[in-house]
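Numbering (the working numbering) for the sequence shown: 1424 to 1719.
Don't read these hints as lab results, they were simulated from the structure. Everything numeric in this text was worked out from a predicted model, so none of it was measured. Heads up, a few of these hints could be off.
Derived lysine to aspartate or glutamate pairs resembling EDC-like cross-links, with alpha carbons at most 16 Å apart [unchecked claim]:
(1) K1493 to E1450
(2) K1469 to E1509
(3) K1662 to E1673
(4) K1676 to E1586
(5) K1567 to D1614
(6) K1646 to E1586
(7) K1580 to E1509
(8) K1676 to D1563
(9) K1426 to E1443
(10) K1562 to E1454
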Amino acid sequence: MSKNMLIADDLLNATAYSKERSRLIHEFSSELAQKLKASAKLLYVKDTSRKEETLNENQTREEVAAFFAKRKVRLQFVAKTGSPVEEILRAETSSPRPSLIVMGTHGKTGLDRLFLGSVAEEVIRHSSTPVLILGPQVKDTEVKTGGKILVATDLTKNSRRAEAYALKLAAALKAEVVFYHSLFETIRTADQYAAMSGSLYVDDTFIATLRKKSGQALKDKVKQFRAKRVKASFIMDEKGSTSSEALVEEASKGYQFLIMGTHGRNSFVSAFVGSTARQTLISTSIPTVIVRSRLK
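Based on the provided sequences and hints, a complete structural model is requested.
Right, here's the structure in full:
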């Protein structure tokens, strides 16, 4: 894991909501950088068309720099004018390349539309770098060593990069990894495919075989992580609740991070498609890391 972090923040926005989200981003990212012994680059894009009141740029930078310095984290400011998405993606490929992008939510789109055309959604769709989102329900910014990381996996290649990132993060933070797999969603997806194609019959025998194979795949992942000296375990969820409800409920049980994979530009990992993934990210109270399954 590289020692560089990119923080994308609407630094000069003077609205109460944005100021509070910026405070959370600064507290969380400085603490995480301190734990990872990483330097940080804080990117903010100035909106010249903004009519609302903005904060004093020099004073704000001085205050934020002092805050990071107190945590003994080296911070570099990057100010740009233009498209936030384009500038974030451009910064992602600059040297030194970041190992993580940290972002918050933006109040202008509404909390119920967090991933409908927002800056965060576009960055997630196009970024090769893992993107950590501090959703609207995240309030605790403490980063502990020896905690737990929840990794949502569909047990396919679409989750491999997310799992690999989880391994690196867990090793750096001396954390335990808990794999979460929704067997219920896998069965539901198979049932939908069977109904459309007519080439698959989902019966008790099929479900029993799927349960056995999924369980073995999870055991293999746990074994691989333990071989790397990372404590690991798994949960295979067969409950009939929606993926977001089940995952958010599990994430509330003392985890520090939730890590999920994506299919790439258009959809989230199969067990958390579309509105389900959106609801998970909006509702969860812990930082969520989204990792694209394929590099550019």
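Practice task
Go through the numbered hints given earlier and state which of them the structure violates, listing their numbers in rising order.
Solution key: Per hint list: 4, 5, 7, 9 violated.
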